[in-house]
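> The residues making up each chain are set out below.
Number of protein chains: 2
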Amino acid sequence: MDSLTMRPVARVRTGFESKFGVPRQSGLVPGLRGQVVFEPEFRSPEALRGLEGFSHLWLLWGFSQNRRAGWSPTVRPPRLGGNRRLGVFATRSPFRPNPIGLSCVRLERIELGTPQGPVLHILGADLLDGTPVYDIKPYLPSADCVPEALGGFTDETPRPVLAVDCPPELLEQVPAKDREALLGVLALDPRPAYQHDAERIYGFGFDGLEVHFSVDGQRLRVREIEKK
Amino acid sequence: MDSLTMRPVARVRTGFESKFGVPRQSGLVPGLRGQVVFEPEFRSPEALRGLEGFSHLWLLWGFSQNRRAGWSPTVRPPRLGGNRRLGVFATRSPFRPNPIGLSCVRLERIELGTPQGPVLHILGADLLDGTPVYDIKPYLPSADCVPEALGGFTDETPRPVLAVDCPPELLEQVPAKDREALLGVLALDPRPAYQHDAERIYGFGFDGLEVHFSVDGQRLRVREIEKK
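Residue numbers (the working numbering), protein chains in the order written: chain A, 1 to 228; chain B, 1001 to 1228.
Hints are computed from structural coordinates only; laboratory data are not their basis. Fair warning: this is a prediction, and the values are worked out from it, not measured in the lab. Yeah, the Cβ is synthetic: ideal placement off N, Cα and C, and Gly gets one too. Incorrect hints may appear among the rest.
[Unchecked claim] Derived list of chain A stretches under chain B, where covered just means 3 residues or more per stretch with a C-beta under 8 Å from a C-beta of chain B:
hint, region
1, 23-31
2, 51-64
3, 88-98
4, 141-147
5, 161-170
6, 209-219
Bound conformation, chain A alone (with noise of 0.2 Å):
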């Protein structure tokens, strides 16, 4: 009874192919692109008009690589190191009842026209490669922005970053333009969850390369970039 299916409007580009890497929640790399590209049916640049005027986005969309079946009341957040066990309505974790993801974006530009249809750029999204966008709604500042609001532990536990060294002659084989978003995606630890070996190194996929590093304590070096 009042079960809602719902289809996919849309779905995410990103360099991101694999979880490794994606930042933890919208914006902590404002520099990040990404493309939300409609499918076909909702390829109407009239559903699109006035949208222009507003700077960020949210974006609903499916968990698509983190289902599990049924429901567990805690999970662990990764922000807590793992240890500690909160209710799952308490946290943005993706393995919830409803495997649905809530990310606000900012708006770069609206591109008319592609062989897609109207395309949107974003950045700052902190999505996998294809994931389903169910709903794209305008952020309103003034329903949606709480300066006075209290962020529970997430106030309580600065999120850990890590010093980036990149050796220039590696950095020169990303883009220009998305070289800062690279850096800040490896200042946020792309390691799997709980791993902290510091002889290993570790690969994760970004826009077509591949990008090998170790991390000793609080300092991450880049060891390789290739393309794939």
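Chain A is already provided as a structure; the job is to place chain B on it using the hints.
Frame of chain A, contents of chain B only:
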């Protein structure tokens, strides 16, 4: 493909039995009281652990009274007088491809161990009584609060507010804790959209009361308040 079927995790209890009077965004009437009552399967205090540290929540909910077959690329926002068509993705209109709503509400307190399990007491909800809730997420100031965001047409068009005259002997019919909220709801103009007949007496239900009023220009007069 990639369809997502969601079942309600909770329902909202408010004093609004019909859409008349329901504010058009959350937070417009900060004193409006509501409750979130979980569905039997989700009555778990554990699932709320840590939520008490947050002052605001997101509710993702279903537009249960506003479903239409199909979708239209444009809508006419009441904020613009119903004359201008805007793209559905540029508005928070209920008539969307997927009928899902997003509201930021204030978490007043959590009551554990009621006969209906844990209950969230919320303030500022723009929701009909019985609205199905599909997800509850904490409001994260670091990701969700964007003070510099531009609000498109909502920046250009101030929300009209009526002056409200309510004779004290009528206001006394309303429980003291709900008076300010009722006056706030009236100031937002609870008439059906686009009806502007100064002679007509309108009525709407609010928390077990029937409130009758008329509107002349920018002035609303309460004519009667009776228990139903």
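> Would you mind marking each hint as holding or not holding in the structure?
We went through each hint and held it up to the structure:
1. 23-31: Coverage by chain B holds for the region 23-31 of chain A (4 residues, Cβ < 8 Å).
2. 51-64: holds (count 10)
3. 88-98: holds (count 8)
4. 141-147: Per the Cβ count (7), the hint holds.
5. 161-170: It is violated, with 0 qualifying residues against the three required.
6. 209-219: Three-residue rule not met by the region 209-219 of chain A, so violated; n is 0.
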